[in-house]
Amino acid sequence: EDQVTQSPEALRLQEGESSSLNCSYTVSGLRGLFWYRQDPGKGPEFLFTLYSAGEEKEKERLKATLTKKESFLHITAPKPEDSATYLCAVQASNDYKLSFGAGTTVTVRA
Amino acid sequence: EAGVAQSPRYKIIEKRQSVAFWCNPISGHATLYWYQQILGQGPKLLIQFQNNGVVDDSQLPKDRFSAERLKGVDSTLKIQPAKLEDSAVYLCASSAGASNTGELFFGEGSRLTVL
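Protein chains in written order, with this note's numbering: chain V, 1 to 110; chain R, 1 to 115.
Here chain V stands alone, though its shape is the one from the complex (with noise of 0.2 Å):
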């Protein structure tokens, strides 16, 4: 069975400080790894896709990157804006589901 596990899961910054979020993950064979941004009482948000290991991918002050047994989602400089609960999804090779941790709820103080 597919597993992912994310760490911290709380993180509380000051605006500027800059910090890594974790996802581990057990599969099978990946597809596809993703992150997603989700606010209180709100639906989660695609933030990236990667696929293999080296990759990396930037959107603003958010940088996600892939090895072979983890993810980390960077946040560079984060505002009160970036305050999240982050969460991390597998999909593995032989089967479109994904799998979902538990994720890192950031908050970020001005």
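By construction, these hints were calculated from the structure, which means they are not laboratory data. Be a bit skeptical, because a hint or two may be false.
Unchecked claim - Taking lysine-lysine and the DSSO-like style, the derived pairs with C-alpha atoms no more than 30 Å apart in a straight line are:
id, chain 1, residue 1, chain 2, residue 2
1, V, K59, V, K79
2, V, K69, V, K57
3, V, K97, R, K71
4, V, K79, R, K62
5, R, K78, R, K44
6, V, K63, V, K79
7, V, K97, V, K69
8, V, K57, R, K44
9, V, K97, V, K59
10, R, K78, R, K11
11, V, K68, V, K57
12, R, K44, R, K71
13, V, K57, R, K15
14, R, K44, V, K69
15, R, K44, V, K42
16, V, K97, R, K62
17, R, K83, R, K15
18, R, K78, R, K62
19, R, K44, V, K97
20, R, K83, V, K97
21, V, K59, V, K42
22, V, K68, R, K44
23, V, K42, R, K11
24, R, K44, V, K63
25, R, K15, V, K42
Once you have looked at the hints, place chain R on chain V.
Chain R only, in chain V's frame:
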């Protein structure tokens, strides 16, 4: 472009009662998903439709949950009878194309509280 629409946003019921949730996906999206998100957990897939056919319902508790997607457009998810552990947010999502690329568009969800 209109997003995924869901209703109702909130529902409170007693255990053993029934409830139904409705979803209208983004226009033209062939694939529709229902996810269950329990507080503090990530979303878990309940059922996936391709047009009006079921692709994956392996994690749907079929003794109490049912879902349908008539005419390949909107969908309903029903729970009957509800249990306390069904308290969760029920998220509907859709995606374009015949295969799941992993880029899903989610609605705002329907929050169910079972007392």
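message: Taking the earlier hints as the rules, which of them does this structure contradict?
response: 4, 13
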